[in-house]
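J.: As a plain string of letters, each chain reads:
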Amino acid sequence: MAIYLHRGQKILVQGITGRQGTFHAQQMRAFGANVVGGTSPGKGGTLVDGVPVFDTVREAVGETGATASIVFVPGPYTKDAAFEALENGIRLLVLIPEHVPVADSIDIVTRAQDLGADVVGPNTFGVISPGEGTKMGIMPNHIYRPGAVGVVARSGTLSYEIAYQLTNAGLGQSTVVGMGGDPVVGGTFVSVLQRFREDAATRAVVLVGEIGGSAEEEAADYLSTLGKPVVAYLAGRAAPAGKRMGHAGAIIERGRGTLESKERALSQAGARVVTVPWDVAPAVAEVLR
Amino acid sequence: MKLYEYLAKQILAEAGVPIPPGRVVDTPEDAAAAVREIGPVALKAQVLVGGRGKAGGIKFAETADEAPQVAKQILGMDLKGYRVDRLYAEGKLAIEREIYVSVTTDRSRRCPLVMASAHGGVEIEDVEDRHIVRRHVDPRVGVLPYFGKEMAYALDLTAGLAREFGDLVEKLYHIYRQYDAELVEINPLAVVDDHLVAADARLNVDDSALFRHRALPVVEEGTPTEHKVSEIGLAFVELDGDIAIMANGAGMAMATLDTIQHFGGRPANFLDAGGGASVEPTAQALAVLVGMHPKAIFVNIFGGITRCDDVAKAIIQVKNTDGIPVPLVVRLTGTNEKEGVALLEHEGISAYSEMDKAAQQVVALAGEGR
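In the order they appear, the protein sequences are chains A and B. FYI, the numbering for the first sequence is 193 to 481, going by our numbering. FYI, the numbering for the second sequence is 86 to 455, going by our numbering.
Incorrect hints may appear among the rest.
Claimed, not checked - For lysine-lysine, the following BS3-like pairs were computed, each having C-alpha atoms within a straight-line distance of at most 25 Å:
1. LYS313(B) - LYS435(A)
2. LYS177(B) - LYS435(A)
3. LYS165(B) - LYS313(B)
4. LYS87(B) - LYS435(A)
5. LYS139(B) - LYS435(A)
6. LYS157(B) - LYS177(B)
7. LYS139(B) - LYS313(B)
8. LYS380(B) - LYS313(B)
9. LYS442(B) - LYS380(B)
10. LYS139(B) - LYS157(B)
11. LYS202(A) - LYS235(A)
12. LYS435(A) - LYS442(B)
13. LYS423(B) - LYS442(B)
14. LYS144(B) - LYS157(B)
15. LYS139(B) - LYS165(B)
What the hints assert, rightly or not - Which chain B residues stay away from chain A? Per the calculated CB distances, all over 12 Å, these:
16. GLY141
17. ARG194
18. VAL218
19. ARG225
20. ARG262
21. ASP278
22. VAL375
If you are wondering where the hints come from, they were derived from the structure by calculation, not from laboratory data. Beta carbons are placed, not taken as given, at the ideal position from N, Cα and C, and that holds for glycine.
All chains should be modelled from the sequences, with the hints used to inform the complete structure.
T.: Laid out in structure tokens, this is it:
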């Protein structure tokens, strides 16, 4: 079992003929993902590494029956791609692009809520479930192993670092979810934790957070319901207030979103909070013992 | 992107929000002319920092005779690190009371949020929670006049003011949507002669949406080095330490700063070289770090999509062209790690595979730490 993904799930790649789309469609298939088609306006009828390309999502869904899609288009075009997917029956949408206007993200998330669809991102590395042999994302394949640790992170490379250390410590992962580094994203720590709670394959959760917003504080309020041990590592202790640290959402604004407030909330809620990334794997080993 | 007050006011006025008479002034003589046109004015420094009044960036000129002298006190002054090049001369108001109102995005609820308080004129974060009225906007519906009117009654405004407030909130929400604003704030919203007037305004535009707003003037914030790196297309923040840092990915870069600080070092910057950076931008970014004249440089790479041998090649390229005159510590882990380490060792640069050992080493080489 896993969250969001399952073995054999039919996946579309929107923007499959672009450099990123082509490369990551190939990487996803190498990991075992069932990529049944891609879209690229004007290139319908062609193949990318043997995967059929369609002009529209409507056509792609009609031909393949896919209900999941991963989007590789520039930020300004993401809203159009996302709505095209949602209006044509896609119910799991992974939005990789960075620099999506926040107003567009609000519209996407609102529409997805009305349709009962799940949105991961934007500005995410995606979702991977090693045990299911599938992924929708841009993460490197070789660092993951099947196992019982769920990981939910705001940042890609930092989650890779942590997943790799878990793997090296013999701690495989059930599902690793990238929420996305933008201020407005489809998932919240709480919505992902709710899924981990229901997921029998997940025995412990690693939460990789950062400064900005209040998603970590809200996650803390949920921990007593989760009923599974949580190890948290948060980045941004050295960040000055008022500066965006790479992610559009990683900013301490008007005294809110500080690391101290997040660590305090998580720690008081019973999470094991570690302050350096290499302490995560040993802490997970301990809470699983 | 933050807009200067005078730009924000211009946009408010175009949307029909009442603002005091005013105009931009950039010389002392022009300040005198402004007083002759407007009457007694407040001369307000146009810089992107809050608390201008307390810092001496807002002064009053009652007559055209005294205006140049007052303007001279502000023009050219250093206001919290920003040089004042421009003033906004605005008709002095007889303010009866000060209200706060803003439209922003609630990240958790993922929808717009209108906030108002009868305790205006101070930064909203200094206002007690019980004095703030918050109301979320359903983006499918938007804001109609009743929305703000209801908030106005919660603030105990008179019926007349409540009607004006309802119209005002509708207009502010329109600006929020039209300009892809992160924040539209009027503080204080002044009551003058029993009418509402926007005495000060902030308008911050979502950087990701600037492609839709090419007509807006570009307002640059940040240091010269920050501008230079943003032109390469990388995320960079200058800090006040002396260990220069490059990492791939925003989270990794933040964690790298934290790790340096953990071992007692002082990071000079935040630099995200990108999650899948290739040789050229990595070399450019490293060259910028060398140009900052740090005590030491730390490159921390987790090779996922980024390949460690590409990073090694970028480092060697900079070493052999610009030169790297300060100690350099490299941490490489992941994709093509062996190839990367071999390339660096061939050039006499040692690479670590563990983040903690590498970070400790660079802090020691910078002569810092415990």
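J.: What's the verdict on LYS139(B) and LYS157(B), does the C-alpha distance respect the 25 Å limit or exceed it?
T.: holds (17 Å)
J.: Would you mind confirming whether the straight-line C-alpha gap from LYS139(B) to LYS165(B) stays at or under 25 Å?
T.: Measuring from Cα to Cα gives roughly 11 Å; hence the hint holds.
J.: Assess, step by step, whether the Cα of LYS313(B) is no farther than 25 Å from the Cα of LYS435(A), and give holds or violated.
T.: holds (17 Å)
J.: Find the nearest Cβ of chain A to the Cβ of VAL375(B) and say whether that gap is larger than 12 Å.
T.: holds (21 Å)
J.: Does the alpha-carbon distance linking LYS442(B) and LYS380(B) stay inside the 25 Å limit?
T.: Status holds; Cα separation ~18 Å.
J.: Given the hinted pair LYS87(B) and LYS435(A), is their Cα-Cα distance within 25 Å?
T.: OK: LYS87(B) and LYS435(A) at ~13 Å, within 25 Å.
J.: Decide if the proposed pair is consistent with the structure: LYS165(B) and LYS313(B), CA atoms, cutoff 25 Å inclusive.
T.: holds (22 Å)
J.: Over 12 Å to the closest beta carbon of chain A is the bar; see if VAL218(B) clears it.
T.: Its Cβ never comes within 12 Å of chain A, the nearest being 18 Å, so this holds.
J.: Can the restraint linking LYS423(B) and LYS442(B) be considered satisfied, given a maximum Cα separation of 25 Å?
T.: Satisfied, since the Cα-Cα distance of roughly 18 Å is no more than 25 Å.
J.: Within a Cα-Cα threshold of 25 Å, do LYS435(A) and LYS442(B) meet the stated pairing?
T.: Violated, at roughly 28 Å.
J.: Keeping to a limit of 25 Å between CA atoms, is the pair of LYS139(B) and LYS435(A) held or broken?
T.: Holds. LYS139(B) to LYS435(A) sits at ~23 Å (cutoff 25 Å).
J.: Please work out if LYS157(B) and LYS177(B) have their alpha carbons no farther apart than 25 Å.
T.: holds (19 Å)
The earlier numbered hints that this structure contradicts are 2, 7, 12, 17, 19, 20.
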